[in-house]
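Visitor: Protein chains in written order, with the working numbering: chain A, 1 to 362; chain B, 1001 to 1362.
Please keep in mind that the hints were generated in silico from the structure rather than gathered at the bench.
One or more hints might be untrue.
[As the list claims (entries may be wrong)] Across the chosen pairs, the derived CB separations fall in these ranges:
1) 127/A x 1271/B: 43 to 49 Å
2) 127/A x 1266/B: 46 to 52 Å
3) 1332/B x 41/A: 20 to 26 Å
[Stated by the list, open to error] If you only want the chain B side, here are some residues facing chain A, beta carbon under 8 Å, derived:
4) 1107
5) 1183
6) 1202
Just so you know, even glycine gets a beta-carbon here, dropped at the ideal spot from N, CA and C.
Number of protein chains: 2
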Amino acid sequence: MPDGRERRLSALCERLTVEQLDALLVSSPANVRYLSGFSGSSAMMLVGQQDRLLITDYRYATQAAGEVGDVARVVIESTSLWDGLWAHMPAMSAVRVVGFESAHMVHRDFQRLLEAGSRWQWRPTTNLVEGQRERKDAGELACIKEAIACAERALEVTLGRTSIGMTELEIAGVLEAALRQAGSDGFAFPSIVASGPNSARPHARPGERTLEPGDLLLIDFGARVGGYCSDVTRTFVAGAASDRQREVHEVVRMANERACRGVRAGMSGRDADRLARGYIEDRGFGDWFGHSLGHGIGLEVHEAPRLARTADAFLATDAVVTVEPGIYVPEWGGVRIEDDVHLGTDGARVLTQFPRELIGIG
Amino acid sequence: MPDGRERRLSALCERLTVEQLDALLVSSPANVRYLSGFSGSSAMMLVGQQDRLLITDYRYATQAAGEVGDVARVVIESTSLWDGLWAHMPAMSAVRVVGFESAHMVHRDFQRLLEAGSRWQWRPTTNLVEGQRERKDAGELACIKEAIACAERALEVTLGRTSIGMTELEIAGVLEAALRQAGSDGFAFPSIVASGPNSARPHARPGERTLEPGDLLLIDFGARVGGYCSDVTRTFVAGAASDRQREVHEVVRMANERACRGVRAGMSGRDADRLARGYIEDRGFGDWFGHSLGHGIGLEVHEAPRLARTADAFLATDAVVTVEPGIYVPEWGGVRIEDDVHLGTDGARVLTQFPRELIGIG
C-alpha cells in the first residue's frame, strides 16, 4: 500500500530504539489510525520491532481485516481489549520494556499495566506518534484539500439556501446535508451556527434562535475525508451591515490576511499568534480576541502545533494549521474568519478559497 | 433551578463523606455537565463540602456564567485549566484529601496531581458520579423522550425521501437534516447508514455505495436534546424482501420483543442479554450475534449499565437502556432492531414507537 503506513511504522521503530523501548502500546484512536489505517472507535495497537498487533472487538472484525491488511496482526476480542493484549503479548519476542501514551491512557488503565501487566516494564511517553503526524505527507495533504473542497462546496450551497427567518438549527441542517452531499464522511466537530448575540460566544451550538435582519451569522464547521478534517469559519450579515459590523469584520479580515501571509514553518507558535493579535490590539480590539490564533488539523481537528501566546514550539514543515482570529463583543456579536494553511518548504500556502468579504444574506 | 443539580451535588457530598474525601476533582465532561449544567467541551470541576469551582476557558466565558448560575463559582482561565486549579485550590477550606476520576484522568494529568498538586493527597475513585447518573430523574427522562421523538420524526421523514439509487451518504444527509429540523441540538454519535453487504458490519460508516434493489438498509442513529441522547436502529429492505431476509429480520424482531418485554430493573445485565441471545441461539443464528444486547443512554450514548454476557451488575431502577439484538452474515448483510427502554419501578416501558416490521423502500 502506497499510503505511508510502513514508512510511519519504520520511523516509529527507529524512535523506539532511541528511547530504549522494545515496543509502544498505542491507545489514541487517531494514532492507531495513522499507523494501521483502522478507522473504528475501539482498538489498541502494540508496535514492536518484530511484531505488530491490533486488538479490536467483534463489531469491527470485517472492517479491521480490510483496513489493516498486512500492516499488523488483527486480534478480535469479544469481551475486553485488555484480555486480548494479555493473551497475545507474552508470545511477542524480545519485548520487555514497553512505552505507553501518557496523554491517552487513563489512570484506571495505567493501573492495569502495573497489575495485570506486571511482567513488563512500562514507560510513559509523549508525542512519539503525534510528532510524526505534525508533518503531513502528500496523501494526507490530498485528503485535507479534499475535506476543504467539500466544506467550501457545502458552504456555498448553504449560503444560497439561507434566508432571514430560518433558525440556527435549520441552517445547520442545510449545511450538514450539503456536507454529506459533497461527500464528507463525517463532521470534523459539532457545527457552530451562531446568529446575532450568540455569535459573541466562540463555541456556540445552534439553537432555536431565528436569523433576524441586522444579525451577524457565524458558521464554523468542517468536513472529513479519509479521516482528515477541514476547519473553516466565515461570518455573514443578515441584510445590510452596520458601520460597526463592517469595521469589526474588516479588522478581523486584515488580521487573518496578515497572519496567513506571515505564518511559516520554523516560526514559533507564539510569533505566529502575534501576527494577528498585534494588529487586533493596535486597532483597539485586543480585549475581545481571547482565544488562540489556531491549531494543527489532520486526523484530529485539534492537533499539534498550537498557534498561541503560550506556544514556544516551532511550527513544523508540512504542518497544516488554522488561522482564525476573532473579535467577540458580549451581547453585540462576534466575527471570526478561519482559513487552513499548509506550511510548505517553499512557504505557506492558504488552502481555503471561500471569499472573505462580509457577504449579506437576503 | 428545579433541574436537580443541587440534589445531585448533595448526594455526591454525602458519598464523599462516606469515602473520607474532602473533595472530588471531576474531569469527565458528562459528569461536569450533570453536576453543573455546563455544556462546553473544556472544563474541570472541583466539588468540596463547602465550595464548588468550575474552571473553563475564554471561549466559554459567557456560556458558563449562564449555564452554571449559582451552582458553582466559575473561573475563566486563559492558558491552562490546571493553572486555574492550582491558583484557586489553596483557598478552599478544609480540603486535604481529594478524589479524582480514575476512568477519566489521563496518566499525564495524574502526574500533574502528584507534582504540582503534591500538597494534597489524591485518591482514585470510580463511578461516584456515573453511579448517580444511571438512575434518571423526571427531567432527564423528559429529555430522553424528546430525543427519541426527534429521532422518530427524522426517521419517518428520511423513509419518505429515500429511494433506490441514492448513496448511503445522501441518505445520511437527509437523515441528519431531518434531525436538525426536528430540533436535535446535535448527533448522539456518527450516523450509521449501511446498505447491502455493508449492513453486515455493525459499525459501518456511510459511504458512496448506492442503494440497490434487494439490499438491506440498516440505519442506526440518535438525536440529542438538552444533552441527552436517543439511540435507535431500524433495518429496511430496498424493494421486495427475499425469504432469507424475511426470516432473519423476524428472528431479530422476536428477539427484540422478548428482551423488551422481559427486561426489568434488578435483573443482572447478563440475564437481560440472555433474553434475546437465548432466542437467537435457539433459532440457529447465535454465531452471528457477536455484540452485546445493549447499554445505558443519557448524557453519553454509552453509559452504565451494560446488558452483556459479561455484565454481572444489576440494572438500576430508572435506568434507560437500549435493546439492540442483531444478526450479521458476512458478505450477505445484517439486521439490527434497537429500542430504548425505561426500567421504571412498576416495570419496563419501551419508549421508542417506530414500527418494527420489515418495511420496503420503493
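Visitor: Among the hints numbered above, which are violated by the structure, and what are their numbers in rising order?
Guide: Every hint satisfied by this model.
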